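Those protein sequence lines, which keep their order, are chains A and B.
Under the working numbering, the first residue of the first sequence is numbered 1, with each subsequent residue one higher.
Under the working numbering, the first residue of the second sequence is numbered 381, with each subsequent residue one higher.
None of these hints come from the bench; they were simulated from the model.
Treat the hints with caution; some may be incorrect.
Cβ-Cβ distance ranges computed for the label pairs, FRET-style [unchecked claim]:
1. B/753 with A/190: 54 to 62 Å
2. B/726 with A/80: 51 to 59 Å
3. A/190 with B/538: 16 to 24 Å
4. B/783 with A/151: 37 to 45 Å
5. B/849 with A/368: 26 to 34 Å
6. A/81 with B/863: 53 to 61 Å
7. B/849 with A/312: 44 to 52 Å
8. B/506 with A/95: 51 to 59 Å
9. A/50 with B/688: 32 to 40 Å
It should be emphasised that the depicted structure is a prediction, and the values quoted were computed from it without experimental measurement.
Here a beta-carbon is modelled for each residue, glycine too, at the ideal position from N, C-alpha and C.
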Amino acid sequence: MATELASRAEQPAQAKQSGAARAQGSIGSGIVLRDVVKNYGDFRAADRISLDILPGEFITLLGPSGSGKTTLLNLLAGFQTLDGGQMHVDGAPIDHVPTHKRGFGMVFQSYALFPNMTVTQNVAFPLRMAGFDRTTAERRVAETLEIMRLSEHAAKTPSQMSGGQQQRVAIARAIVRRPKIVLMDEPLSALDRRLRESIQIEIRELHRAIGSTILFVTHDQGEALTMSDRIAVMDAGRIVQIGTPVDIYRHPQNRFVAAFVGESNLIEAEIIQRRGSMMALRNRAGYVFEADAGHGVEVGRATVLVRPERIAIADAPGPNTMPVTVTSALFLGEVLRIEARTDSGETLLIRCTDTAERALPAVEDRLHVSWGAADCWVLS
Amino acid sequence: MLLLLPAALFLGFIYLLPVIDLIRLSVSGPTVSTFFERVFSVPLYWDSLVRTMQISLTVATLCLLLGYPTALLIRRTSGMTRTLITAGVILPYFIAVLIRTYAWMVLLGRNGPVNKILTGLGLLDEPAQLLFNRGTVLLGMTAVLLPIMVLSIYSSVSRLDAALPRAAQASGAGPIATFWRILLPLTLPGMGAGFLLVFVAALGFFITPTLLGGPGDQMFAMHIVQQADFISSEGFLQALAVVLLVITLLFVGLAGHALGFEFIWGGGKLADGQARAGTSRKAAAPHWRLLTGMADRIVWPILRLLSRLHPAWGRWTVIILGGGVIATLILPILVVMVISFSSASYLTFPPPGFSLRWYEKFFSDPNWMEAFWKSSVIAAASAVISVVLGASAAMGIVRSNIRGKSVIMLLLVSPAIVPPVVLGLSLYSLFLRFDLVGTIWGLASAHAIGGIPLVVIIVSAALQGVDKRLEQAAAVHGASPLTVFRTVTLPAIAPGLAAAAFFAFLHSFDELVLSLFLSSAQLKTLPLMLWADINYQLNPVLAVVSSLEVLLVVIGLALAGPVLARSRAGA
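Looking at chain A on its own, in the form it has when it is part of the complex:
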């Protein structure tokens, strides 16, 4: 599907490996936000947000509801006006350009398909507004419908289609003009899990094929990790961290990001020794472990993130293990999800792959856990 589109696009985008290389040969636009402010009465929905989006990048705004991600999207779309700061697209300010002249594509949470039009008319709408001639428009619409596997539904009205199909029509309408920027406002939140996963992959491939810059808003951290080149995690009107999915997941910069993205064990520990770039810590249960002392934590106490899947378990005590008591154990198919309590009363969440050797532990079973220096991350 992706190659099909790439060969047809007037300006074929190259397959891209990293965010930097992506800039070359892509048709997407770069977006620069500087100190963007938006207030609703006393509530500051966007609090001096600055963000550089590279041309052709797939960037996700991730955050809980009320964190300002939709506000930022609405500001970019031009549905709301800035209370402060600047927005530039490809170096030009867009604050005073009305929505319909910005030339973006947009996918809405509710799809917002025009109920009075057929699928074809919906997809043709942006071309019609842009004044394309009839033959070009018809060809473009047919192409786009084919890419989105909607050709057989062309004559239907939105109300005659399933949620997943409506979603694909909405995407088709957003990309039909080959916009330099596509905004997506939680487009998958109304779909069931299986469908969501397949459309995630579809959007991802589509992005690679059309090369537009995509700004994607979601509160689903799994979705953000799967799809993005970079993720901007938002909280209370600010961007609290921005980085690649791997970066965000492995090296969160604060408790909020650590807890919001993925499942986490945040362990309070005491720094007992520093040796060069490494340091030794001891948690309240007396378990001693090493961690990378890379950034700035001095002596005293530290919060250490250990992801549940990084915790190793054994049935018998070994060198440097910590005994825990199982409080719950769930079989989730490919993984086991175990909650356990340390002897000093802390709760640990553990995920391990299901193997033939390991039986599902029972509540009150004693296990012995451990983790290495590479498995933990000291929060600043």
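For this one, chain A is given, so just place chain B on it according to the hints.
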């Protein structure tokens, strides 16, 4: 099914039977068509029929042109502003037509504020006669019927997904393209419904053209009332009424065919599926596509030129037109309220001084007080009849699985579209036969004919808002059907019932046309007293009565407002 029976029997006896009798009388001449031939051969009636159509069409068009920006204005505002604007539309909707017409007479009268302003500005040398011409008829009728149009359009505007206009903009459509391609097509059903409701109501209008029109503005309903004074015209009189009835039903039928009959009661959920089927069928019809295609080809290029204007133009058009409409609806009422405190013994604005003398006169005059109490008693009795019969019928429709729900609903609601003049005339002979003329229960029952549709519409909407699973949950946990009703259903619809009772009361309290036919010299209701006085002397006591009525509506709405808002949120 049993629940429907009382309402069916009541309406069958007091509504269907008399109408059938009316039709029978109209064909009782030497030949079946004798009376009808006379209706159509006498230029007086034929001209009046044509005039009625013209006026109704003009009024409906004016309402549409002015109502649409007003509905948009409500949609675009928020918070307190929206509440005030909405109140500005809804409040007049519930104030009696008679009073609102009277307010226009005050406003445009020789000593009224309009004349004062015009002479003050030097545009007129001396106060002119602004009343009693075609212009005031159109103005008055448009003002009286505008709320129906605004509410009808707003109900379809408010149902739109707010993301749709945004999606259009994001797709490159400017404000005008968004309006023409998205907003207008999607609100077409609301516009159609509003247009027909206004048109049909205007066809049977009697009060406003009588008070504001001149000799050349006789509408058809007025002829029926005038002819009713001559006993000799039996048969011919009924033929006139049948003509009006048939024309009304013809338009309702045509509209129902195109829009679905649900437009009469605001397209409840009851028939949602059917309404949608109706629109898609219409959309597929070739002549419909041809029509919209043509409209598009003609209008779109013009609008495209307009789109070169600054976007602020569109916004200001909406604000100015919408704001103007709200002002036109509210100002006359305010002027009347101010005049009720006047110290002058005649109508003049601004009043030379303020006093409570007219309030004293009203409360100390035994005639006014008797009329007030009789009206209250009749309205209370009528509300009881309406609520008991209407609520049980609504229950029968919503909570049972009988077939033809839409047809039954249509029959229950149909009295709302029959011109009151026709209804009054047909009831008159029934009342004579059973010696009900001028009795309190007779009037209360007659008023209940119009009260039942109100109750049925409100209560069935409230019932549909009740989650069926709540009732099922109660039943699963051991509640008998009666207990389920008492503990789950009744509390949930109680606000709706209260609102229905209030509106049924108000309907009867304001009713004039039926009372004109069915009352006697001994039984004067408040609207009858007002009617007599307006024709006889325009003194400030009428302003007092009007102000009290406004007060009643305001209190009622203030009590019912939160209730209605809640039931809407629940639905």
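Taking the hints in turn, this is what the structure says about them:
1. The beta-carbon spacing between residue 753 of chain B and residue 190 of chain A, approximately 59 Å, falls within the hinted interval of 54 to 62 Å.
2. For residue 726 of chain B and residue 80 of chain A, the hinted distance range of 51 to 59 Å is satisfied, since their beta carbons lie about 56 Å from each other.
3. Between residue 190 of chain A and residue 538 of chain B the beta carbons are some 22 Å apart, a value that agrees with the proposed interval 16 to 24 Å.
4. Range check, residue 783 of chain B to residue 151 of chain A: about 41 Å between beta-carbon atoms, so the 37 to 45 Å window is met.
5. For residue 849 of chain B and residue 368 of chain A, the Cβ-Cβ distance of about 50 Å falls outside the hinted range of 26 to 34 Å, so the restraint is violated.
6. In this structure the supplied range 53 to 61 Å holds for residue 81 of chain A paired with residue 863 of chain B, their Cβ-Cβ distance being about 56 Å.
7. A C-beta distance of roughly 48 Å is found between residue 849 of chain B and residue 312 of chain A, which places it inside the suggested range of 44 to 52 Å.
8. For the pair residue 506 of chain B and residue 95 of chain A, the beta carbons lie near 58 Å from each other, so the given range of 51 to 59 Å is met.
9. The supplied range of 32 to 40 Å is met by residue 50 of chain A and residue 688 of chain B, whose beta-carbon atoms lie about 37 Å from each other.
Consistency note: the structure conflicts with earlier hint 5 alone.
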